[in-house]
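Each protein sequence line maps, in turn, to chains X and Z. Its first residue numbered 1, the first sequence is counted upward by one per residue in this note's numbering. Its first residue numbered 1, the second sequence is counted upward by one per residue in this note's numbering.
Careful, some of the hints might be misleading.
The list that follows gives simulated cross-link-like pairs (lysine to any residue, SDA-like), each with its CA atoms no further than 25 Å apart [what the hints assert, rightly or not]:
hint	chain 1	residue 1	chain 2	residue 2
1	Z	137	X	175
2	X	196	Z	66
3	Z	137	X	159
4	X	156	Z	273
5	X	196	Z	112
6	X	195	Z	75
7	X	6	X	132
8	Z	137	X	179
9	X	14	X	126
10	Z	68	X	187
11	X	195	Z	96
12	Z	155	Z	275
13	Z	68	X	159
14	X	2	X	140
15	X	164	Z	103
16	Z	70	X	187
17	X	193	Z	67
18	Z	70	X	164
19	X	195	X	185
20	X	164	Z	99
21	X	164	Z	112
22	X	164	Z	138
Worth flagging that the hints you see were computed from the coordinates, not collected in a lab.
Spelled out from the first residue to the last, the chains are:
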Amino acid sequence: MKKYFKEFLRGIIKENPTFVLVLGLCPTLAVSVSLINGFGMGIAATFVLLGSNIIISLIKNFVPDRIRIPCYIVVIATFVTITELVMKAYSPALNRALGIYVPLIVVNCIVLGRAEAYASKAGVINSLFDGLGMGVGFILALLLISGIREFLGVGKVFGYTLIKGFQPILVLAMPSGALLVIGLLLGFFNVLKNKKI
Amino acid sequence: MKNRLIVSASPHLHRAESTSRIMWMVALSLLPAGAAGVFIFGRSVLWVIILSVISALVAEGALQVLTKRKVTLLDGSAFITGILLAYNLPPGVPFWLPIVGSFFAIAIGKQVFGGLGQNIFNPALVGRVFLMASWPKYMTSFDAITSATPLAALKEGKALGNLSYLDLFLGRHGGCIGEVCILALLLGVIFLFRRGYISWHVPIPYIATVGLFTFIFGTKGFFSGDWLFHILSGGLVLGAFFMATDYVTSPLTRKAQVIFGIGCGLLTSVIRLWGGYPEGVSYAILMMNAATPIIDRYTKNRVYGA
Numbered sequence: 001m002k003k004y005f006k007e008f009l010r011g012i013i014k015e016n017p018t019f020v021l022v023l024g025l026c027p028t029l030a031v032s033v034s035l036i037n038g039f040g041m042g043i044a045a046t047f048v049l050l051g052s053n054i055i056i057s058l059i060k061n062f063v064p065d066r067i068r069i070p071c072y073i074v075v076i077a078t079f080v081t082i083t084e085l086v087m088k089a090y091s092p093a094l095n096r097a098l099g100i101y102v103p104l105i106v107v108n109c110i111v112l113g114r115a116e117a118y119a120s121k122a123g124v125i126n127s128l129f130d131g132l133g134m135g136v137g138f139i140l141a142l143l144l145i146s147g148i149r150e151f152l153g154v155g156k157v158f159g160y161t162l163i164k165g166f167q168p169i170l171v172l173a174m175p176s177g178a179l180l181v182i183g184l185l186l187g188f189f190n191v192l193k194n195k196k197i
Numbered sequence: 001m002k003n004r005l006i007v008s009a010s011p012h013l014h015r016a017e018s019t020s021r022i023m024w025m026v027a028l029s030l031l032p033a034g035a036a037g038v039f040i041f042g043r044s045v046l047w048v049i050i051l052s053v054i055s056a057l058v059a060e061g062a063l064q065v066l067t068k069r070k071v072t073l074l075d076g077s078a079f080i081t082g083i084l085l086a087y088n089l090p091p092g093v094p095f096w097l098p099i100v101g102s103f104f105a106i107a108i109g110k111q112v113f114g115g116l117g118q119n120i121f122n123p124a125l126v127g128r129v130f131l132m133a134s135w136p137k138y139m140t141s142f143d144a145i146t147s148a149t150p151l152a153a154l155k156e157g158k159a160l161g162n163l164s165y166l167d168l169f170l171g172r173h174g175g176c177i178g179e180v181c182i183l184a185l186l187l188g189v190i191f192l193f194r195r196g197y198i199s200w201h202v203p204i205p206y207i208a209t210v211g212l213f214t215f216i217f218g219t220k221g222f223f224s225g226d227w228l229f230h231i232l233s234g235g236l237v238l239g240a241f242f243m244a245t246d247y248v249t250s251p252l253t254r255k256a257q258v259i260f261g262i263g264c265g266l267l268t269s270v271i272r273l274w275g276g277y278p279e280g281v282s283y284a285i286l287m288m289n290a291a292t293p294i295i296d297r298y299t300k301n302r303v304y305g306a
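The whole structure should be built from the sequences, with the hints applied where relevant.
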């Protein structure tokens, strides 16, 4: 059990998809305007990651090496379609807010990256915990970025105003603000990492 | 006799000049424009300048202590950043605006890159653009004290009233604190030219390009533009002489500096005539700052004998 927990934890800190592997930045930049969008995107990506990791780990022995990437993409696209349809049915508002970035999870580097680098070589249970850990790491990173951007850029947290009279820094709610926040956080985590070693 | 036997790498000749001395001289040359701003807009403007300078110095010192680097407050570069940022703010901004702007200018515009000499963009302009994107309401409200800027009026198609060239030259119109009085700015410019701290290679092509471009693409057809109006209004003189000439962010060779100046002029004119903003000096200089390394690469002087 301890071994699986280690697999799970790795995705959160040591190999955090956003801040250490620097994968999947496109959706991170695009949807991290508000906490609710960031959380929704994180959950959707985690579901896809979990499903595709399990299936790819199961089929890894039947897939010919030469066409493995198209096969992975078909598996991933299946889960993305499920996610999109469920989101459209139960949370149309979130689906509208995330827009094109839900179908684009198909080409999210984290999902394909884990399929290629991990699930195609590891056992099913290991892959499950790896997918879960990476997904949670992605959710946490998105919550951190979108929390900073929503609080400072819009002046709200989960849509509620906390401080009255606070003049939001509009630039942080713009695309350039996303780059700025992610860049500064990356630098900050690198400083922390270098200090430890 | 002992000293003559020391073998060292070039440069072998030294002058009394140093980076900090030049910086303080530039700061001195900026004083008349600030004084004119205080005279035109009232004493509240003085507080904007002081707050901006102090917070720039505090930010520089604090970040250098925090990152365990040598504290170089006395080199005057943060002082100039503070002054230039304040000169780029409209009079009557809330007191926290220059503080936030200066801090951003020093932290993100300069120290993140490694301090003086490492920054890609002019820190004061980074601060201004950050404020412009974040609080456009305060950055474009000139109404509190004077009317809208002449360029903003032109953009909205409003009548300019009976604004003469002399009014523009003396600064009797709306605008940012340090940019309105061309006369005071030119006093500082003459001082810098006489001391040889800036050369004509950036500012003159810059201003000439703006003049030529706005003359050709006039509102009433080709070759009918009011070029003198475009040269005298907005932040062109301040930007061309004091910000585009920044040693760190402008190219090295003379040929490259002329290209840099012409590029700034083209971008400024395009933004003014067809862009969304009434004024384009800060964006033009920042964009050319980004192009500086590549201009430098293509205009390298040939090595002698190679």
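Distance restraint between residue 193 of chain X and residue 67 of chain Z, which requires alpha-carbon spacing of 25 Å or less: holds (15 Å)
Proposed proximity, residue 185 of chain X with residue 195 of chain X (alpha carbon, max 25 Å): Satisfied, since the Cα-Cα distance of roughly 15 Å is no more than 25 Å.
Satisfaction of hint between residue 159 of chain X and residue 68 of chain Z, Cα-Cα up to 25 Å: Distance ~39 Å between residue 68 of chain Z and residue 159 of chain X Cα, so the pair is violated.
Pair hint outcome, residue 164 of chain X versus residue 99 of chain Z [Cα-Cα no greater than 25 Å]: holds (20 Å)
Restraint check for residue 68 of chain Z with residue 187 of chain X, where alpha carbons must lie at most 25 Å apart: Answer holds: residue 68 of chain Z to residue 187 of chain X is near 16 Å, not above 25 Å.
Pairwise hint evaluation, residue 179 of chain X against residue 137 of chain Z, where the allowed Cα distance is 25 Å at most: holds (23 Å)
Distance restraint between residue 164 of chain X and residue 103 of chain Z, which requires alpha-carbon spacing of 25 Å or less: holds (23 Å)
Pair hint residue 164 of chain X and residue 138 of chain Z, alpha-carbon separation not exceeding 25 Å: Distance of about 18 Å is within 25 Å: holds.
Holds or violated: residue 137 of chain Z to residue 159 of chain X, with C-alpha atoms at most 25 Å apart: holds (23 Å)
Distance restraint between residue 196 of chain X and residue 66 of chain Z, which requires alpha-carbon spacing of 25 Å or less: holds (18 Å)
Distance restraint between residue 164 of chain X and residue 112 of chain Z, which requires alpha-carbon spacing of 25 Å or less: Roughly 31 Å separates the two Cα atoms, so the pair is violated.
Given pair status - residue 187 of chain X, residue 70 of chain Z, alpha carbons within 25 Å: With Cα atoms ~21 Å apart, residue 70 of chain Z and residue 187 of chain X stay inside 25 Å; holds.
Of the numbered hints stated above, those contradicted by the structure are hints 4, 6, 11, 13, 18, 21, listed in ascending order.
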